[in-house]
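Spelled out, the chains give:
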Amino acid sequence: MSDLFDELAGRVLDGAASADDVERLDAMLREDPAARAEYLRLVNLHVALKTYGSGGGLTAMRPVDRAAAARDDAGSTGGAVPALLQNTRTEDGRGAWWRRGRARVAAVLLVGVTVAAAVMLGRNVPVGKVTPEGNIVRVGEFTRATGAKLAGGGVVVAGATVSPGELELVEGFAELTLTNGVRIVLEAPVKLDVPLKGDPTLLAGRLVATVPEGAQGFTVSTPTARVVDLGTEFGVGVAEGGGTEVQVFRGLVVTEWTSAEGGKRDQRLHAGDAMSIDHAVAGKSASAARDIPFQPERFVRMFPGAGSNTQPGGPVYNQPQVESVRVIPAAATGIRVDGDLADWGAAGAFRSVCVAPYDTSHFVEGRMRYDGGRLYIGAHVGDPAPMRSTVDPRAAKDEYAWRGGSVIVRLASDPKAGWPLDAIGTSEKNSKHPEWGRRPQDRSDRIVHLTMWFHRPTGKARLHVAYGMDFHGERMDPGGVAWEGAFREDADGLGYTLEYAIPWEVLNAAAPKGGEVMASQWTVHWSDRDGKLSRGHLVDVANSAAGPAKFSKGVTWGKAVFEGK
Amino acid sequence: MARQDEQLTDDDRRGDFAALLARHHTTLLGYVLSLVPSWSDAEDIVQDASAVMWRKFTEFEPGTNFLAWACQVARFHVMNHVRKRGRDKHVFAADLLDTLARESEAAAERMEAERVALRGCLEKLDDPSREMLGRAYAPEGSVNRIAEEQGRTANAVYKALNRIRGGLLKCIQRRLAAEGWS
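Chains S and B, in that order, are what the protein sequence lines are. For the first sequence, numbering that gives the first Met the number 0 gives the first residue as 0, with consecutive numbering after it. For the second sequence, numbering that gives the first Met the number 0 gives the first residue as 0, with consecutive numbering after it.
Hint data in this document are derived by calculation from the structure and do not stem from the laboratory. There may be inaccurate statements among the hints.
[Claimed, not checked] With a straight-line Cα cutoff of 20 Å, these simulated EDC-like cross-link-like pairs (lysine to aspartate or glutamate) come out:
| id | chain 1 | residue 1 | chain 2 | residue 2 |
| --- | --- | --- | --- | --- |
| 1 | B | K83 | S | E22 |
| 2 | B | K158 | S | E6 |
| 3 | B | K169 | S | E22 |
Keep in mind it's a predicted model, so treat the numbers as computed, not measured.
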């Protein structure tokens, strides 16, 4: 085509054409079938780029995309059509269509298009295949998803249909329920090929499959093995080199592989068993198998990486459910600060959990006690990377004490401050309230933030104290006072218990009397496996009636109710 | 043969409609954009047509071609749109629209293959080119904004974009030829 054609078509598609441009292009297209074909191809390219670009997909390509493209270049045509360019929108893919057409989309919703709305609102539905006759080919659907993104940027939402082909999750978790009822939890990064007929093949990454009655015989294939279910819950992982790990949580599986001698081998694995099958050595087709220790954390769920979330604390993973904590007088025999809550009793304990699927792995069970000399804080925290923090604010200026995994308890130690607490941080001030954060009650020495964490490099319990909504008067491991802290890791490595005793003088208060109420709030941070960055947190003990729980808004704090003897 | 949808529940049908619409949305948008050379108008038309398709989905015969049906519905909306625009010179003449619509429908399958091939081509782009495309096709992107940011004329940016798009089209053709498309 001529430069003029390219120029005119380009201007038309970029929305910059004059009436004269359109007329000239009209004349070219009318006369020349080749020009029309070229124009249609250009339109198609424009639409694809526009769709791709709406979520930043053009500027944020991942290495994995490049690798996939390289494989495509090498002639591989297997796998599903990349969802991004086919029919999904990116995370922020609502785009102009959504923004401008909101009213009409709402009208569509009113006629009850529940599922269709998932598409029309710009959610990503990784459906892929339709027969030439227009029938949908469906192998299952996503039943849960948290922070789950597909290769190329598509976002997984619960309820989305899954069609046969290769599924690559690059972030988060997604639960896929197949048409036979098998539930598969996928943990990114993971690549799974789900055929129309037959069982899936795990190409990379990890999954946990739960097989219901009637679906026994379900099989997960990997590059080195076949794992055949006999009614169970099991995990399968494929390492970078192609080796396979199998671990059985419940029931029984049979793992099949090809031995080093070339013969077919199999091994029955019961609950609590685990094995690995190494990838074939180059030039040979054989694999070596061995038993390995059962490790629950092998398939444990970590919060997704930071991804697009730039909050230093990571996302909040819960809805507060607890408004008040009972603070019970400590037993006369005292509390031994040793990381074991056995001497506390269960009274006054509260439990707060993160949203599914993290509800069983990320939680806190908190308790508070007091006596004339000290406030006691105890907690059992579900944490797949427990006590990993390498953070030391003393060594690095501006480092956040909570960042590598921590429990923070905030308390307004002056009962006269009342509840809800009228105190607010400067970050909340606005033009109507320029005084917020500067008032005496905002800078009170009796608003205390206690950050507690285990510092792995030194093996010590650490305590950071700050005061007021302006966090003044910071103290690291306060000296001269008899505070104590202890941590103990769970036997299964999936959590920890902390126990602290903090003198009332650290809180600039005398021991409270029974019946007194202090505003309070709890925050738990979970870190990455290196204990350096917070991947997400939970906030509870909150006054939900006052809006989203924020440490900087005292009115959203819950309360600690001190009970009498 | 009995209609397959007689056994389908409302939820099944909603799911089917959502899936089919999602599956063909990009193709449908391209189809409309080829007739109405304005992105915002094309989006509005597809949206209106989608709402009508939902209401009329019971008339859609399972087993027939959803995309062809969707194009028919969308084409009706395109014609309405053109009629409303009256003497506006920013739209193609009616007889050209008929021709483009016919040829666009016939090329739908290939267009899908081209979009798939595009991904690999994008990966091969150099970073400055991908950056420019990213800016041009971002939700709030515009040629004028790029020109302003880069201290270039809008015309120079158009030319640069055209060069990139031309390169991508060539790359796509090579890939499709390798896969046996004529």
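> Taking each numbered hint in turn, which are not upheld by the structure, reported in ascending numerical order?
Replying inline: 3
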